[in-house]
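**Q** Okay, here's what each chain looks like letter by letter:
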Amino acid sequence: MKITNDIIESHGLKLEEYSKIKLLLSREPNFLELGIFSAMWNEHCSYKSSKVHLKKLPIKNKNVIQGPGENAGVIDIGDDDAIVFKIESHNHPSFIEPYQGAATGVGGILRDVFTMGARPIALLNSIHFGDPKNKKTKNLLNGVVSGIGGYGNCIGIPTVAGETKFNSTYNENILVNAMAVGLANKKKIFYSKAKGINKPVVYVGSKTGRDGIHGASMASAEFDENTEEKKPTVQVGDPFTEKLLMEACLELMKKDSIISIQDMGAAGLTSSSVEMAHKGNLGIELDLDKVPCREENMSPYEMMLSESQERMLIILEDGKENEAKKIFNKWDLDFVVIGKTTDTKNLSLKYKNKTVATIPIEALSSKAPLYDRKWTKKKLDKKKINLKDLKKIKFDDAFFKIISSPNHSNKKWVTEQFDQMVMGDTIERSGTNAAVVKIHGKEKAIAVTVDSSANYCKSHPLSGGKQIVCESWRNLVAVGAKPIAITNCLNFGNPENPEIMGQFAENILGIKEACEFLDYPVVSGNVSFYNGTNKNNIFPTPVIGGVGLIQNINRIQNHRFKKIDSQIILIGKTFGHLNQSVFINELYNLYDGMPPEVNLLNEKNNGDIILKLINAGNIRSVHDVSAGGIILALAEMSLSSNIGIKINKPKKLYNLFNYFFGEDQSRYLIEVDKNNYPKIEKILKDNNIYFDNIGVTQEEYFELDKVLKINVKELYELNNRWYNNFNGLNS
Amino acid sequence: MKFAVIITLKKDVLDPQGKVIEQTLQSMGVNSLKNLRQGKYIELELNETDEKKAHNSIEDMCKKLLVNLIIEEYKIKKI
Amino acid sequence: MKFAVIITLKKDVLDPQGKVIEQTLQSMGVNSLKNLRQGKYIELELNETDEKKAHNSIEDMCKKLLVNLIIEEYKIKKI
Amino acid sequence: MNSSVIVFPGSNCDRDVATALTKLQFKNKMVWHKDNVLPKSDLIVIPGGFSYGDYLRSGAIAAKSNILKEVVKAANSGCLVLGICNGFQILIETGLLQGALLRNKNLKFISKDVHLKIINNNNNFCKKYKKNNIINLNIAHNEGNYFTKKDHLKELEDKDLIAFKYCNKDGLVNESTNPNGSISNIAGILNNKKNILGMMPHPERMVDNLISNSDGVELFTSILN
Ligand SMILES: Nc1ncnc2c1ncn2[C@@H]1O[C@H](COP(=O)(O)OP(=O)(O)O)[C@@H](O)[C@H]1O
Ligand SMILES: [Mg+2]
Numbered sequence: 001m002k003i004t005n006d007i008i009e010s011h012g013l014k015l016e017e018y019s020k021i022k023l024l025l026s027r028e029p030n031f032l033e034l035g036i037f038s039a040m041w042n043e044h045c046s047y048k049s050s051k052v053h054l055k056k057l058p059i060k061n062k063n064v065i066q067g068p069g070e071n072a073g074v075i076d077i078g079d080d081d082a083i084v085f086k087i088e089s090h091n092h093p094s095f096i097e098p099y100q101g102a103a104t105g106v107g108g109i110l111r112d113v114f115t116m117g118a119r120p121i122a123l124l125n126s127i128h129f130g131d132p133k134n135k136k137t138k139n140l141l142n143g144v145v146s147g148i149g150g151y152g153n154c155i156g157i158p159t160v161a162g163e164t165k166f167n168s169t170y171n172e173n174i175l176v177n178a179m180a181v182g183l184a185n186k187k188k189i190f191y192s193k194a195k196g197i198n199k200p201v202v203y204v205g206s207k208t209g210r211d212g213i214h215g216a217s218m219a220s221a222e223f224d225e226n227t228e229e230k231k232p233t234v235q236v237g238d239p240f241t242e243k244l245l246m247e248a249c250l251e252l253m254k255k256d257s258i259i260s261i262q263d264m265g266a267a268g269l270t271s272s273s274v275e276m277a278h279k280g281n282l283g284i285e286l287d288l289d290k291v292p293c294r295e296e297n298m299s300p301y302e303m304m305l306s307e308s309q310e311r312m313l314i315i316l317e318d319g320k321e322n323e324a325k326k327i328f329n330k331w332d333l334d335f336v337v338i339g340k341t342t343d344t345k346n347l348s349l350k351y352k353n354k355t356v357a358t359i360p361i362e363a364l365s366s367k368a369p370l371y372d373r374k375w376t377k378k379k380l381d382k383k384k385i386n387l388k389d390l391k392k393i394k395f396d397d398a399f400f401k402i403i404s405s406p407n408h409s410n411k412k413w414v415t416e417q418f419d420q421m422v423m424g425d426t427i428e429r430s431g432t433n434a435a436v437v438k439i440h441g442k443e444k445a446i447a448v449t450v451d452s453s454a455n456y457c458k459s460h461p462l463s464g465g466k467q468i469v470c471e472s473w474r475n476l477v478a479v480g481a482k483p484i485a486i487t488n489c490l491n492f493g494n495p496e497n498p499e500i501m502g503q504f505a506e507n508i509l510g511i512k513e514a515c516e517f518l519d520y521p522v523v524s525g526n527v528s529f530y531n532g533t534n535k536n537n538i539f540p541t542p543v544i545g546g547v548g549l550i551q552n553i554n555r556i557q558n559h560r561f562k563k564i565d566s567q568i569i570l571i572g573k574t575f576g577h578l579n580q581s582v583f584i585n586e587l588y589n590l591y592d593g594m595p596p597e598v599n600l601l602n603e604k605n606n607g608d609i610i611l612k613l614i615n616a617g618n619i620r621s622v623h624d625v626s627a628g629g630i631i632l633a634l635a636e637m638s639l640s641s642n643i644g645i646k647i648n649k650p651k652k653l654y655n656l657f658n659y660f661f662g663e664d665q666s667r668y669l670i671e672v673d674k675n676n677y678p679k680i681e682k683i684l685k686d687n688n689i690y691f692d693n694i695g696v697t698q699e700e701y702f703e704l705d706k707v708l709k710i711n712v713k714e715l716y717e718l719n720n721r722w723y724n725n726f727n728g729l730n731s
Numbered sequence: 001m002k003f004a005v006i007i008t009l010k011k012d013v014l015d016p017q018g019k020v021i022e023q024t025l026q027s028m029g030v031n032s033l034k035n036l037r038q039g040k041y042i043e044l045e046l047n048e049t050d051e052k053k054a055h056n057s058i059e060d061m062c063k064k065l066l067v068n069l070i071i072e073e074y075k076i077k078k079i
Numbered sequence: 001m002k003f004a005v006i007i008t009l010k011k012d013v014l015d016p017q018g019k020v021i022e023q024t025l026q027s028m029g030v031n032s033l034k035n036l037r038q039g040k041y042i043e044l045e046l047n048e049t050d051e052k053k054a055h056n057s058i059e060d061m062c063k064k065l066l067v068n069l070i071i072e073e074y075k076i077k078k079i
Numbered sequence: 001m002n003s004s005v006i007v008f009p010g011s012n013c014d015r016d017v018a019t020a021l022t023k024l025q026f027k028n029k030m031v032w033h034k035d036n037v038l039p040k041s042d043l044i045v046i047p048g049g050f051s052y053g054d055y056l057r058s059g060a061i062a063a064k065s066n067i068l069k070e071v072v073k074a075a076n077s078g079c080l081v082l083g084i085c086n087g088f089q090i091l092i093e094t095g096l097l098q099g100a101l102l103r104n105k106n107l108k109f110i111s112k113d114v115h116l117k118i119i120n121n122n123n124n125f126c127k128k129y130k131k132n133n134i135i136n137l138n139i140a141h142n143e144g145n146y147f148t149k150k151d152h153l154k155e156l157e158d159k160d161l162i163a164f165k166y167c168n169k170d171g172l173v174n175e176s177t178n179p180n181g182s183i184s185n186i187a188g189i190l191n192n193k194k195n196i197l198g199m200m201p202h203p204e205r206m207v208d209n210l211i212s213n214s215d216g217v218e219l220f221t222s223i224l225n
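Protein chains in written order, with the numbering used here: chain A, 1 to 731; chain B, 1 to 79; chain C, 1 to 79; chain D, 1 to 225.
No lab work stands behind these hints, which were simulated from the structure alone. One or more of the hints may lead you astray.
For each label pair, taking beta carbons as the anchor points, the in silico distance ranges come out as [what the hints assert, rightly or not]: (1) A:Lys713 x B:Glu51: 53 to 61 Å; (2) A:Asn322 x D:Gly95: 38 to 46 Å; (3) A:Lys401 x D:Leu172: 32 to 40 Å; (4) A:Ala266 x D:Ser77: 48 to 56 Å; (5) C:Lys10 x A:Lys713: 41 to 49 Å; (6) A:Lys138 x C:Thr49: 47 to 55 Å; (7) A:Lys352 x B:Glu73: 31 to 39 Å; (8) B:Glu73 x A:Thr355: 20 to 28 Å; (9) A:Lys352 x B:Asn47: 37 to 45 Å; (10) B:Lys75 x A:Lys713: 49 to 57 Å; (11) C:Glu45 x A:Lys254: 49 to 57 Å; (12) D:Asn225 x A:Asn648: 38 to 46 Å.
Lysine-lysine pairs mimicking BS3-like chemistry, simulated, CA-CA at most 25 Å apart [to be verified]: (13) A:Lys62 x A:Lys193; (14) A:Lys442 x D:Lys27; (15) A:Lys401 x A:Lys193; (16) A:Lys442 x D:Lys29.
Pulled from the structure, derived: some chain B residues nowhere near chain C, Cβ distances all over 12 Å [what the hints assert, rightly or not]: (17) Pro16; (18) Glu43; (19) Leu46; (20) Leu69.
Here the structure is a predicted model, which means the values were calculated and not measured. Cβ coordinates follow ideal geometry from the N, Cα and C atoms, glycine included.
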């Protein structure tokens, strides 16, 4: 078939890129080869626009075993235990088919984790939807939530934390990011790097179908009259098969048979085989007649580009085929040797006794295009919110409106669709600062969280990047965990637009700065560009997934008030920053001005002191202060415990809105025994920590002196009402 | 008037459920089974005497709620 | 040879799924809808040329696996 | 006491039950569904999960496995059999217990802690609980909406074969305290001989105060003596 400009473009390749392909091959590619190039050179696999920036991120500390570059990051948590984790986006598929898109997103990230030899122990997700008033939102929301649950529940891994947010910026492009966390023996981590020549390359898992073959639709129309039947189809997840695949892989990993292993994710067989060969500096030869196919007459093009789920590629040690095959047969899974490693450094494909493609591995990997795209710096938005210029609003009305808003109402309707308890080790479930999962059979636990602050990042990507890393760190600290490392999913608009590229570049700088200061490196991640429609890019939305270690499970903290008549202390300084706050967003729909400033030194000091107090057993409960300010943090503490508060009016001449709704960073609220107060006051003073003694817990009423008084039960009603109304359950 | 809507997965879409049922039957000794796909069957009773109108209204329900047109297709039958 | 098996819940068995779908359609403004029940539709392809034999073998599959005769009933159709 | 936990492809609470049993001093063995013999056991547990992906009907395919024939034999000769969640669904599909578990009323997966009232404590699974005790266990299922015909419901009531009912913290049993639409708020039932218990809630998730609570402990210790 003649390769025309139309065909090239429909494969998402630029004409210059096509010239480069010809140069690398010293000839024209055939149609199959073109498809392979397009899969490997697209943004998703090649990271061509992001690589130069990602390189700046700190990726090491004394706990990091494996940083970015493998299927997932690996950190050391003592003894022989390692935690393996990564986050990934599945935004576009989820917009097209929310249930399957979200489900396969979960399936994909789980494979990244168990491929490395880890048993997954927790799932998290960050999901962003458009305005609830948008016609599409309800269907997308319900589909995504049940898809995430559908996959995780069935495979039996608890979904323990996440975030669900709404903003009209996502009307035409929702975000579905899934994170998986696994536990491995640190001496038994598996990597994707191939080693040795003539080693068997084995295909295991589900059969290959015509799922998700990109760009193929138009092209295949030309060589087949049954175009209707060849439409690229949506990937359907099969969590049951994935469960079998996971158990089979983990069983095989107990033996010494695997040289390297790689899941088939984006660009399926193509990217997995190329990646393994590339890392080992080898060639790979595949016999496509052997690939297990679901449909008849699948072409090499379809086999190589299919994104069918629940498949893996394994390179075995010589003579281990039988032993391995037995295990996969036990789990009723396909196990077929489809090729071997070679010393040619080529990807070489055979079909019906003919060589149908020969491409140097380098051309697909290290020689793929790399762009240092033009980017512009974000101008400081000097607009200052002045409450006097805005429509007057009553304090309690503002609070009630926020507490019952889609973004801040109770998310039980989401989390109750997720099995959070399966595996029997979930100590803290969704809804607290961070989820806590025990290391099975041991006296230690990990804490995990995902966070994002899109509007901070939109108004100032640099501060936003810093802030979101700090918030993640703060969340872990607040359960008593020592933060260790993060994974990140960078959801941005079109990188060919210099403004968007600027958001990306600066955001990375912000993340870098905070990670370095807090010794909280990045060990894995994912970049998702092209979120949005032509001119309408989404707010830049980096999502940070953090993991921390709790050495002693008896020192875990949470944000639920424990007792009546405890002292409530606010740690950290309050300035009353309202630009970009929930208060301004929700009540005035304004998104101007700078986000709150992040002072890394204060962040670190305040966090360290909180950890110290928790470890000394000096705290009854603790909550970090983030979006929504002090009042929302207090409300969450009350709502989760059914204990009220009585807060004194601030001594200084604060405006009440600034004081209670301001989103200054690095702050925590702690509940302490009154008798302990002098001791704690001394510790705080000795360590130069700024703090205010703001009030006490009390029975029944959520009360800000002379400003607001409401029964906690009523507050609970307000906080729980939104979803039922939205979903028509009460109508 | 009574109608049935038969909803099946489009041809190339994976049917994990059908696959497992097929394998189970085969392992139970059903050798002649070549292929099995599972779909949905919905029976509707309408207060409507005009068949054409009823049909149209069911078409509408299919598109708006009953069928996921991205992965499924459907047939409507009077019963 | 291709067959379809239609499996429906017996009349006196509650059909929660059908009920929710029915209510949803009604709340979407479908006034003519009197009743809705949801069932399963299974398409089977057999390597068998004798229709009678095929039919019997499907009967068998229904009784042994496909249908829970306590709450469900079924029909077999050649398609 | 010897216990056996049956493992199907797709079971996912098998390890959790085994952990709870071992913690409470059972000598436990895991039994693969393809096995033809059952180790000597005083208690057989069919754990929760999604055996065969819950495809066709939850529990239907697992009910046809080799090992289930042995379980049925053992049950008929008086061995204690406990089916939790998917295990309950499997027991129903084998006919060891009667009725059906339909989709939850709201058509959504429901995962939360619920209160249960002990209706019958005069059996080997519940004797350490007091009658009308209220306990708090976790549920996590798609199809837990128990249904049975009127005459069978009457039989369950007359013969005192209902083990647990969903309620609130004060013991109120009615529609508002029914999470999934189960007839009469039923959360668990016994067979006539009371040696088989099927229940939707997960007692194995409630055996550790650090993680949740210990309301499930008595269920296992009841069996022990
Ligand atoms: N934002 C990021 N920060 C750090 N590492 C990243 C980031 N995005 C991607 N990576 C790393 O690049 C590699 C390729 O990622 P990806 O293409 O998502 O893998 P997969 O093949 O599993 O889809 C991974 O090792 C991943 O951890
Ligand atoms: Mg991968």
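**Q** Confirm or reject each hint.
**A** Against the structure, the hints come out as follows:
At about 55 Å, the CB distance of A:Lys713 to B:Glu51 agrees with the hint of 53 to 61 Å. For the pair A:Asn322 and D:Gly95, the supplied restraint of 38 to 46 Å holds, since their beta-carbon distance comes to about 40 Å. Here the CB-CB span from A:Lys401 to D:Leu172 is close to 33 Å, well matched to the stated 32 to 40 Å. Taking 48 to 56 Å as the suggested C-beta distance range, the pair A:Ala266 and D:Ser77 conforms, at roughly 55 Å.
Checked against the hint of 41 to 49 Å, the pair C:Lys10 and A:Lys713 passes, with Cβ atoms roughly 44 Å apart. Checked against the hint of 47 to 55 Å, the C-beta distance between A:Lys138 and C:Thr49 comes to roughly 50 Å, which is consistent with it. For the pair A:Lys352 and B:Glu73, the supplied restraint of 31 to 39 Å holds, since their beta-carbon distance comes to about 33 Å. The beta-carbon spacing between B:Glu73 and A:Thr355, approximately 39 Å, falls outside the hinted interval of 20 to 28 Å.
Checked against the hint of 37 to 45 Å, the pair A:Lys352 and B:Asn47 fails, with Cβ atoms roughly 60 Å apart. Distance hint for B:Lys75 and A:Lys713: a CB-CB separation of about 52 Å, consistent with the stated range 49 to 57 Å. Roughly 40 Å separates the CB atoms of C:Glu45 and A:Lys254, a value that falls outside the hinted 49 to 57 Å. With their beta carbons about 57 Å apart, D:Asn225 and A:Asn648 fall outside the hinted range of 38 to 46 Å.
Of the pairs offered as hints, the one joining A:Lys62 and A:Lys193 holds, with about 23 Å between alpha carbons and a cut-off of 25 Å not exceeded. This hinted pair checks out: A:Lys442 and D:Lys27 have alpha carbons roughly 21 Å apart, not beyond 25 Å. Under the criterion of a C-alpha separation no larger than 25 Å, the hint pairing A:Lys401 with A:Lys193 is inconsistent with the structure, at around 54 Å. Distance hint between A:Lys442 and D:Lys29 is fulfilled; the C-alpha atoms sit about 22 Å from each other, no more than 25 Å.
No beta-carbon of chain C is positioned within 12 Å of the beta-carbon of B:Pro16; the least distance is around 14 Å. Consistency note on B:Glu43: stated as away from chain C, yet its beta-carbon is not over 12 Å from all of that chain's, at 5 Å minimum. Residue placement check: B:Leu46 does not keep its beta carbon more than 12 Å from all beta carbons of chain C (closest about 5 Å). B:Leu69, annotated as away from the interface, keeps every beta carbon of chain C farther than 12 Å; the closest lies near 17 Å.
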